[in-house]
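If you're matching them up, the sequences are chains P and Z in order. Residue numbers are given in the working numbering: position 375 of the first sequence equals residue 375, and the series is strictly consecutive. Residue numbers are given in the working numbering: position 109 of the second sequence equals residue 109, and the series is strictly consecutive.
No wet-lab data here; the hints were simulated from the structure. Take these hints with a grain of salt, some might be off.
[As the list claims (entries may be wrong)] Simulated crosslink set (DSS-like; lysine-lysine; CA at most 27 Å straight-line):
#	chain 1	residue 1	chain 2	residue 2
1	P	272	Z	205
2	Z	219	Z	189
3	P	302	Z	53
4	Z	211	P	272
5	Z	207	P	272
6	P	225	Z	205
7	Z	207	P	225
8	Z	219	Z	16
9	P	302	Z	207
10	Z	205	P	285
11	Z	207	P	285
12	P	238	Z	53
13	Z	219	P	238
Model, not experiment: these values are computed from the prediction.
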Amino acid sequence: MQLPEKAEVVIIGGGVNGAGLAYSLANRGLSDVVILEKNYLTCGATGRCGAGIRQQWSTEANTRMAIESVKMFEGLSEELGHDIGLRQGGYLIIGHSDADAAQFKKNVAMQKSLGLGVSYLDPSEINGIVPILDAEGMGATCATWCPTDGHADPFHTTFAYAKAAERLGARIYRRTTVTGIDAPDGAVSKVRTDRGDIKARWVVNAAGCNSAEIAAMAGIDIPIKPYPKEIFATERLKPLFKPMVISFHDGIYFSQQEHGQVVGGISDPEAKPQWRAMPSLRFLKRMASTLTRYVPDFRHLKVLRQWTGFYDVTPDAQPILGEDEDVSGFMQCNGFSGHGFMISPSVTKALSEYILDGRASTLDMKALSKKRFVGELDREASVVG
Amino acid sequence: MRIEKHPILDFGRKKKVSFSYDGNPLEAFEGETIGSALHAAGIKELSHSLRFKRPRGFFCGIGKCSSCAMRVNGVPNVRTCIVNATEGMVVERQDGMGELPDAEFGDARYEILETGIAVVGGGPAGISAAIEAARQGAKVALIDENTMLGGQLIKQTHRFFGSKEHSAGIRGIKIAGEMFGELRAFEAKGLVQILSGATATGYYKDKRRRKEHLLGISKGNDFYELNADRVIIATGANENMLQFPNNDLPGVYGAGGVQTLMNVYGIRPGNRVLMVGAGNVGVIVSYQLLQAGIDVAAVVEAAPRIGAYHVHAAKLRRFGVPILTGHTVKKANGKGHVTGATLVKLDDNWKQVEGTETEVGCDTICLAVGLTPSCELLFQCGAKMKYYSEACGYVPLHDDEMMTTIPGVYVAGDASGIEEASTAIMEGRIAGLAAAKGLAEGRGGAIDNRIASIKEQLAMLREGPFGFHAACGKGKILNDMQSERGCASNDSCDPVPEFTHSRPQTYLFADSTQSKALRTRTAHEQKFAYPADRNTGGRA
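Assemble the whole structure, with the sequences as input and the hints as a guide.
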């Protein structure tokens with residue numbers, strides 16, 4: 001398939017944000033959009049993620065973005081004409097200390113003020129939500145519970161966006177690698193690929209862990225590092241619990257998928273940024289020992305597989321979004337630090353507003369520009385995995 | 001359903017054990033798997049598919065297809081074809097997905113093991129590798145998923161072809177017996193450690209590993225970290241599925257599954273069998289069925305000619321078994337169990353000719369439609385893999401001493417390309433010797449000489465009519481390996497997809513994701529109309 005000579009918007013990266021943005025633009029009438037994906041759709045972080053969707057955040061900006069995203073996820077299957085596998089089983093966040101309790105109370109108050117249905121729980125209330133958890137084994141001192149959190153299928157969500165975008169006129173080029181970006185006089189003009197060049201008014205950098213490399217092609221420096229993250233999936237069992245259970249203290253998250261597998265991951269405090277990573281026995285051991293402490297009955301569960309993906313991590317675990325200050329027409333849509341899937345609806349909507357209207361009405365993107373890394377950072381506290 | 005008299009085999013049945021199935025008392029002979037014992041008692045419906053709740057029965061018999069998953073002693077999803085029945089065992093059918101176990105979790109060991117060479121797979125290739133390496137003085141750990149070593153070799157009651165050095169004229173089971181004897185001798189000397197009923201769950205590169213290679217090994221509730229200087233992967237093959245309506249009915253078996261029941265446990269798979277595939281496997285297994293006193297309704301073969309050795313086909317003809325070339329199974333018939341099949345003619349383009357359907361009455365359909373290399377562990381460890389039609393699937397690039405693109409990781413047998421038991425033995429020997437280099441002291445020259453002589457024998461073996469395709473494939477693999485080594489410095493730094501499949505669960509049937517890949521491959525094969533002797537000539 002021949003690449004077009006030019007396009008209004010060229011999106012680099014066929015993950016959920018690239019596909020979502022193409023749809024948002026095309027849906028509002030800007031159909032001269034091209035996605036360039038070097039491998040296949042969802043081949044990066046999207047296709048390897050834990051699939052969770054959470055609204056319980058510690059900063060107001062993130063909470064707003066997440067609430068907005070869940071509203072959009074709720075209507076997405078119908079809007080796109082393709083089931084995205086949304087299941088709202090809730091998120092149960094476990095706290096382990098007095099400090100956690102204080103922070104959780106603060107979070108819940110803020111989240112409630114934004115209209116989120118969320119509650120603070122004592123340890124004795126945890127089994128009312130997930131009976132198989134061992135509150136004592138977890139060392140739980142408190143928990144928060146939001147029943148409208150949940151998960152969706154990242155593959156189906158991305159394919160649904162991509163198909164809808166293509167129906168509206170957007171074009172997707174798979175197995176196409178970007179080799180350079182021309183940005184003379186501080187403005188993007190052309191994207192070079194191994195299959196030819198495309199002139200572009202806008203270039204969107206939605207390349208996940210490769211975003212720093214793509215930005216560098218336009219002479220832009222962004223602080224994104226790839227952190228390998230592992231997940232395992234067990235054999236299938238009949239439904240046991242619906243919520244995603246997470247703990248920032250232990251770095252663990254797990255849920256039971258609709259098809260019965262328990263899927264989850266755990267962070268590794270010794271992990272260093274790197275490009276090459278194989279599934280590790282170390283992860284398998286950490287995950288198994290922590291999970292069976294949370295749910296002793298899971299000692300019988302057999303692990304079926306484990307895999308590795310990458311978080312595109314920024315110094316404050318917040319994304320870099322919006323038009324670059326140094327190169328006009330170059331849009332950043334990266335650095336999601338493990339949360340790119342769950343906020344993709346509101347992020348792609350805001351970016352499409354910026355491109356079409358000159359400003360995003362639903363999101364303050366100034367706070368998410370790369371310029372913030374110069375001063376002191378306000379790090380998101382509620383990060384897991 | 002038990003075979004009481006057999007012209008070749010003595011099943012050596014001794015002690016009986018009692019177990020219960022859904023509350024009813026049943027008996028098994030000691031050493032028999034649960035799946036086989038249930039089959040002997042006439043219980044053929046072992047599970048139900050998860051999505052459409054279709055009945056599923058015994059299919060592969062070697063822990064690959066999962067259609068025999070049941071609840072055993074309170075633990076769900078147990079592959080009953082590779083777990084032995086024991087006294088007092090409680091076996092229950094699980095309705096779709098399993099329930100959380102209510103059993104006590106018994107003592108679980110976690111141990112760190114060290115060895116010279118870890119051999120994954122205890123079939124002819126793996127055992128040969130272990131013997132050769134041990135003979136050179138190397139320490140070996142042999143891991144096999146089944147309770148009984150020997151892979152498919154312990155099911156081969158026919159005499160092998162070839163020349164004298166290739167064990168020609170000797171039955172596979174006899175060759176296996178001799179190999180076990182040698183292996184046990186090395187075990188007694190402490191050179192070989194045998195882990196059966198154990199699964200290699202993954203290949204790891206953890207920093208804290210004690211040797212160059214690290215495998216995770218799961219055995220019952222136990223888990224081992226197996227540290228090794230070298231790894232030989234001899235994981236064999238999966239049986240191919242054929243796509244037709246009702247191909248998942250209990251009573252449809254893989255040819256290996258039929259051989260396991262019939263030749264290992266002495267259990268009749270059924271009373272009247274329709275064999276699909278007239279390659280060596282299909283024709284030889286048909287003859288074995290006749291030997292066991294089981295009726296063979298017909299052999300159908302999609303290709304226009306018989307792929308098997310004519311001497312085997314002639315035996316069938318003498319028994320009056322029709323071999324229908326240019327035919328395939330249109331569908332299996334029956335409710336809950338096979339009661340027959342509809343056959344149909346194929347035209348020159350492998351398309352079904354309408355109006356040519358005929359009905360065959362049978363209670364068993366045996367699929368002998370080729371094998372696919374079992375390469376999960378090789379994919380996962382990062383070895384460079386490539387599709388070769390001659391090898392019947394993706395296999396790792398390897399050199400003439402069986403080393404893959406990962407230094408110290410070797411491959412042998414069907415996992416390196418589908419061939420025969422005799423070539424698997426040769427490849428296993430070469431891999432075992434090559435891996436022992438540097439581990440065994442002061443005998444480097446002797447090892448090289450022995451490898452050279454085995455290579456010669458292997459080349460001779462591949463000169464036969466059935467070796468030709470394999471030889472072509474091996475030549476291509478060798479070339480690709482050489483060019484790969486030439487450009488090894490050209491390493492890309494892109495993250496590559498890495499997945500660990502800790503238990504190779506291959507769902508073979510219509511409502512699975514795996515079946516798509518199989519369907520595609522079948523279509524691909526049909527398109528290119530491969531000669532039958534290549535893709536069905538599994539094990540002569």
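Consistency of the hints with the structure:
Under the criterion of a C-alpha separation no larger than 27 Å, the hint pairing residue 272 of chain P with residue 205 of chain Z is consistent with the structure, at around 15 Å. Taken as a hint, the residue 219 of chain Z and residue 189 of chain Z pair is honoured in the structure, with Cα atoms around 23 Å apart against an allowance of 27 Å. Distance check on the hinted pair: residue 302 of chain P and residue 53 of chain Z sit about 23 Å apart at the alpha-carbon level, within 27 Å; holds. Simply put, residue 211 of chain Z and residue 272 of chain P have alpha-carbon atoms about 22 Å apart, close enough for the 27 Å limit, and the pair holds.
At most 27 Å may separate the alpha-carbon atoms for a hinted pair to count; residue 207 of chain Z and residue 272 of chain P meet this at roughly 13 Å. Simply put, residue 225 of chain P and residue 205 of chain Z have alpha-carbon atoms about 22 Å apart, close enough for the 27 Å limit, and the pair holds. A threshold of 27 Å between alpha carbons decides the hint, and for residue 207 of chain Z with residue 225 of chain P the separation of about 21 Å falls inside it, so the pair holds. Taking the CA atoms of residue 219 of chain Z and residue 16 of chain Z, the gap is near 25 Å; set against the 27 Å cutoff, the hint holds.
Straight-line distance between C-alpha atoms of residue 302 of chain P and residue 207 of chain Z comes to about 25 Å, which keeps the hinted pair within the 27 Å bound. Note on residue 205 of chain Z and residue 285 of chain P: the hinted pairing holds, with a Cα-Cα distance of about 14 Å set against a maximum of 27 Å. Our distance criterion of 27 Å between C-alpha atoms is met by residue 207 of chain Z and residue 285 of chain P, whose separation comes to about 14 Å. Our distance criterion of 27 Å between C-alpha atoms is met by residue 238 of chain P and residue 53 of chain Z, whose separation comes to about 14 Å.
Between residue 219 of chain Z and residue 238 of chain P the alpha-carbon distance is near 24 Å, which keeps this suggested pair within the 27 Å criterion.
Consistency with the previously given hints is maintained throughout, with no hint failing.
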